[in-house]
Amino acid sequence: MLRFRGNPALSPFRLEKLLAILRQSVGVVTGLRAEFVHFVDGSVAVHERELVDRLLQYGPNATEARSDGAPLFLVTPRPGTISPWSSKATDIAHNCGLRQVRRIERGVAYYLDYVRPLTDAEMVALKPLLHDRMTEVVLGPTDDPTVLFSQAEPAPLATVDVLGGGREALTAANRELGLALSDDEIDYLLDSFSRLARNPTD
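Per the numbering used here, residue 504 is the first one in the sequence shown, and the count goes up by one each step.
Hints listed in this document are in silico derivations from the structure and should not be mistaken for laboratory results.
Hints are not guaranteed to be accurate.
Dumping the calculated SDA-like pairs for lysine to any residue here, alpha-carbon to alpha-carbon at most 20 Å [stated by the list, open to error]:
1. 591 to 628
2. 591 to 639
3. 630 to 645
4. 591 to 520
5. 520 to 531
6. 630 to 535
7. 591 to 542
8. 520 to 506
9. 520 to 603
10. 520 to 547
11. 520 to 563
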(Lines of atoms letter the chains of each structure in order from A; the text may use other names.)
(Lines give C-alpha, C1' and ligand atoms only; values in the text may rest on other atoms or scores of the structure.)
Protein backbone atom coordinates (compact mmCIF):
# COMPACT_ATOMS: atom_id res chain seq x y z
CA MET A 504 0.00 0.00 0.00
CA LEU A 505 1.27 3.46 -0.92
CA ARG A 506 0.41 6.69 0.86
CA PHE A 507 0.20 10.12 -0.80
CA ARG A 508 -0.40 13.35 1.09
CA GLY A 509 -2.90 15.76 -0.39
CA ASN A 510 -4.04 19.34 -0.09
CA PRO A 511 -6.01 20.90 2.79
CA ALA A 512 -9.27 19.04 3.41
CA LEU A 513 -11.18 21.98 4.91
CA SER A 514 -11.50 25.64 4.03
CA PRO A 515 -10.26 28.18 6.62
CA PHE A 516 -13.89 28.96 7.51
CA ARG A 517 -14.75 25.30 8.14
CA LEU A 518 -11.53 24.81 10.10
CA GLU A 519 -12.39 27.71 12.40
CA LYS A 520 -15.91 26.39 12.88
CA LEU A 521 -14.66 22.89 13.72
CA LEU A 522 -11.95 24.26 16.02
CA ALA A 523 -14.60 26.14 18.00
CA ILE A 524 -16.58 22.91 18.43
CA LEU A 525 -13.47 21.02 19.55
CA ARG A 526 -12.55 23.74 22.06
CA GLN A 527 -16.04 23.61 23.58
CA SER A 528 -15.40 19.96 24.37
CA VAL A 529 -11.67 20.10 25.18
CA GLY A 530 -10.49 23.60 26.09
CA VAL A 531 -6.76 22.90 25.78
CA VAL A 532 -6.97 22.57 21.97
CA THR A 533 -5.51 25.72 20.39
CA GLY A 534 -5.13 24.90 16.70
CA LEU A 535 -6.32 22.53 13.99
CA ARG A 536 -5.10 21.54 10.54
CA ALA A 537 -6.68 18.98 8.21
CA GLU A 538 -5.32 17.53 5.00
CA PHE A 539 -6.31 14.74 2.65
CA VAL A 540 -4.28 11.57 2.69
CA HIS A 541 -4.64 8.98 -0.06
CA PHE A 542 -4.03 5.26 0.12
CA VAL A 543 -3.23 3.33 -3.05
CA ASP A 544 -3.71 -0.43 -3.08
CA GLY A 545 -1.60 -1.93 -5.84
CA SER A 546 1.75 -1.35 -7.48
CA VAL A 547 2.86 1.93 -9.01
CA ALA A 548 6.02 2.02 -11.12
CA VAL A 549 8.60 4.72 -10.46
CA HIS A 550 7.69 6.57 -13.67
CA GLU A 551 3.98 6.48 -12.69
CA ARG A 552 4.37 8.04 -9.25
CA GLU A 553 4.38 11.58 -10.63
CA LEU A 554 1.11 10.90 -12.47
CA VAL A 555 -0.50 9.50 -9.31
CA ASP A 556 0.74 12.49 -7.32
CA ARG A 557 -0.76 14.90 -9.89
CA LEU A 558 -4.10 13.06 -9.88
CA LEU A 559 -4.28 13.36 -6.11
CA GLN A 560 -3.54 17.09 -5.90
CA TYR A 561 -6.93 18.81 -6.04
CA GLY A 562 -8.94 21.23 -3.98
CA PRO A 563 -7.50 24.33 -2.29
CA ASN A 564 -3.74 24.72 -2.30
CA ALA A 565 -1.92 24.78 1.02
CA THR A 566 -1.57 28.30 2.39
CA GLU A 567 0.83 27.22 5.13
CA ALA A 568 3.57 24.67 5.56
CA ARG A 569 2.45 21.09 5.75
CA SER A 570 2.16 19.54 9.17
CA ASP A 571 5.07 17.43 10.29
CA GLY A 572 4.85 14.15 12.12
CA ALA A 573 1.97 11.73 12.41
CA PRO A 574 -1.59 13.04 12.53
CA LEU A 575 -3.33 12.81 15.85
CA PHE A 576 -6.47 11.46 14.18
CA LEU A 577 -6.91 9.83 10.78
CA VAL A 578 -10.53 9.63 9.60
CA THR A 579 -11.23 7.06 6.89
CA PRO A 580 -14.21 5.20 5.45
CA ARG A 581 -15.16 2.12 7.43
CA PRO A 582 -12.99 -0.90 6.59
CA GLY A 583 -14.85 -3.28 4.31
CA THR A 584 -16.71 -0.46 2.55
CA ILE A 585 -15.88 1.36 -0.68
CA SER A 586 -16.68 5.07 -0.69
CA PRO A 587 -18.19 6.74 -3.78
CA TRP A 588 -15.03 8.88 -3.96
CA SER A 589 -12.92 5.71 -4.08
CA SER A 590 -14.93 4.23 -6.95
CA LYS A 591 -14.58 7.39 -9.04
CA ALA A 592 -10.88 7.91 -8.24
CA THR A 593 -10.05 4.30 -9.07
CA ASP A 594 -11.89 4.58 -12.41
CA ILE A 595 -9.95 7.76 -13.25
CA ALA A 596 -6.66 6.05 -12.38
CA HIS A 597 -7.51 3.12 -14.67
CA ASN A 598 -8.51 5.51 -17.49
CA CYS A 599 -5.10 7.17 -17.10
CA GLY A 600 -3.38 3.83 -17.68
CA LEU A 601 -2.67 2.93 -14.04
CA ARG A 602 -3.90 -0.64 -14.46
CA GLN A 603 -1.89 -2.05 -11.54
CA VAL A 604 -3.82 0.15 -9.10
CA ARG A 605 -6.51 -2.00 -7.53
CA ARG A 606 -8.11 0.77 -5.49
CA ILE A 607 -7.55 4.30 -4.18
CA GLU A 608 -9.11 5.43 -0.94
CA ARG A 609 -9.06 8.78 0.84
CA GLY A 610 -8.95 9.87 4.45
CA VAL A 611 -8.54 13.11 6.35
CA ALA A 612 -5.57 13.59 8.68
CA TYR A 613 -6.22 15.95 11.59
CA TYR A 614 -3.31 17.67 13.33
CA LEU A 615 -4.10 19.42 16.60
CA ASP A 616 -2.18 21.96 18.64
CA TYR A 617 -2.74 22.09 22.39
CA VAL A 618 -1.33 23.76 25.49
CA ARG A 619 -0.49 20.37 27.02
CA PRO A 620 -0.65 16.74 25.86
CA LEU A 621 -4.19 15.43 25.65
CA THR A 622 -5.39 12.84 28.16
CA ASP A 623 -6.95 9.57 27.00
CA ALA A 624 -10.36 10.86 28.09
CA GLU A 625 -9.91 14.04 26.02
CA MET A 626 -8.88 12.00 22.97
CA VAL A 627 -12.03 9.91 23.36
CA ALA A 628 -14.15 13.08 23.68
CA LEU A 629 -12.73 14.54 20.45
CA LYS A 630 -13.18 11.51 18.20
CA PRO A 631 -16.98 11.73 17.73
CA LEU A 632 -16.62 15.39 16.72
CA LEU A 633 -14.32 14.55 13.81
CA HIS A 634 -16.20 11.86 11.94
CA ASP A 635 -19.55 10.38 10.94
CA ARG A 636 -19.84 7.20 12.99
CA MET A 637 -22.20 5.62 10.46
CA THR A 638 -19.74 5.69 7.55
CA GLU A 639 -16.30 6.51 8.98
CA VAL A 640 -13.80 5.39 11.60
CA VAL A 641 -10.99 7.20 13.39
CA LEU A 642 -7.59 5.52 13.23
CA GLY A 643 -4.95 6.40 15.78
CA PRO A 644 -1.19 6.75 15.22
CA THR A 645 -0.64 3.04 15.92
CA ASP A 646 -3.51 1.74 13.74
CA ASP A 647 -2.67 0.18 10.38
CA PRO A 648 -4.54 1.83 7.46
CA THR A 649 -4.13 -1.29 5.31
CA VAL A 650 -7.35 -2.48 7.00
CA LEU A 651 -9.10 -0.19 4.49
CA PHE A 652 -8.42 -2.76 1.78
CA SER A 653 -9.13 -5.90 3.79
CA GLN A 654 -11.84 -8.11 2.41
CA ALA A 655 -13.49 -10.67 4.62
CA GLU A 656 -13.93 -14.15 3.22
CA PRO A 657 -17.61 -14.88 2.65
CA ALA A 658 -19.04 -17.43 5.02
CA PRO A 659 -19.90 -20.79 3.46
CA LEU A 660 -23.52 -21.20 2.43
CA ALA A 661 -25.50 -23.05 5.08
CA THR A 662 -28.73 -24.94 4.50
CA VAL A 663 -31.57 -25.83 6.82
CA ASP A 664 -32.42 -29.51 6.43
CA VAL A 665 -36.19 -29.15 6.11
CA LEU A 666 -36.48 -32.27 3.93
CA GLY A 667 -34.72 -34.43 6.51
CA GLY A 668 -35.59 -32.64 9.76
CA GLY A 669 -39.01 -31.19 9.04
CA ARG A 670 -40.50 -28.55 11.30
CA GLU A 671 -37.93 -29.17 14.05
CA ALA A 672 -35.11 -28.11 11.70
CA LEU A 673 -36.88 -24.83 10.91
CA THR A 674 -37.64 -24.19 14.57
CA ALA A 675 -33.97 -24.75 15.49
CA ALA A 676 -32.79 -22.43 12.68
CA ASN A 677 -35.30 -19.81 13.79
CA ARG A 678 -33.83 -19.90 17.30
CA GLU A 679 -30.13 -20.09 16.30
CA LEU A 680 -30.29 -17.39 13.61
CA GLY A 681 -32.59 -15.09 15.58
CA LEU A 682 -35.16 -14.93 12.77
CA ALA A 683 -38.18 -14.33 15.04
CA LEU A 684 -40.48 -16.30 12.75
CA SER A 685 -44.03 -16.88 13.95
CA ASP A 686 -45.55 -20.39 13.97
CA ASP A 687 -47.59 -19.50 10.88
CA GLU A 688 -44.45 -18.38 9.03
CA ILE A 689 -42.62 -21.58 9.98
CA ASP A 690 -45.57 -23.64 8.71
CA TYR A 691 -45.64 -21.63 5.47
CA LEU A 692 -41.90 -22.14 4.87
CA LEU A 693 -42.14 -25.83 5.69
CA ASP A 694 -44.98 -26.27 3.21
CA SER A 695 -43.31 -24.18 0.49
CA PHE A 696 -39.91 -25.89 0.62
CA SER A 697 -41.46 -29.34 0.94
CA ARG A 698 -43.39 -28.72 -2.29
CA LEU A 699 -40.22 -27.41 -3.97
CA ALA A 700 -38.37 -30.50 -2.72
CA ARG A 701 -35.34 -28.48 -1.65
CA ASN A 702 -33.84 -27.05 1.53
CA PRO A 703 -33.70 -23.29 2.29
CA THR A 704 -30.33 -21.58 2.69
CA ASP A 705 -29.31 -18.93 5.17
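Outcome of the hint check:
1. A distance of roughly 33 Å separates the Cα atoms of residue 591 and residue 628; the hinted pair therefore is violated under the 20 Å criterion.
2. For a cut-off of 20 Å, the pair hint linking residue 591 to residue 639 stands: about 18 Å separates their Cα positions.
3. For the hint pairing residue 630 with residue 645, the CA-to-CA distance comes to about 15 Å; that is within 20 Å, so the pair holds.
4. Proposed proximity of residue 591 and residue 520 is contradicted: the alpha carbons are some 29 Å apart, above 20 Å.
5. Restraint check for residue 520 and residue 531: satisfied, since their Cα atoms lie roughly 16 Å apart, inside the 20 Å limit.
6. With a C-alpha separation of about 14 Å, the suggested pair residue 630 and residue 535 falls inside the 20 Å cut-off, and the hint holds.
7. Between residue 591 and residue 542, the direct Cα distance comes to roughly 14 Å. Compliance with the 20 Å bound is thereby established for this hinted pair.
8. For the given pair, residue 520 sits about 28 Å from residue 506 by alpha-carbon distance, which is inconsistent with the 20 Å threshold.
9. Proposed proximity of residue 520 and residue 603 is contradicted: the alpha carbons are some 40 Å apart, above 20 Å.
10. For a cut-off of 20 Å, the pair hint linking residue 520 to residue 547 is broken: about 38 Å separates their Cα positions.
11. Distance check on the hinted pair: residue 520 and residue 563 sit about 17 Å apart at the alpha-carbon level, within 20 Å; holds.
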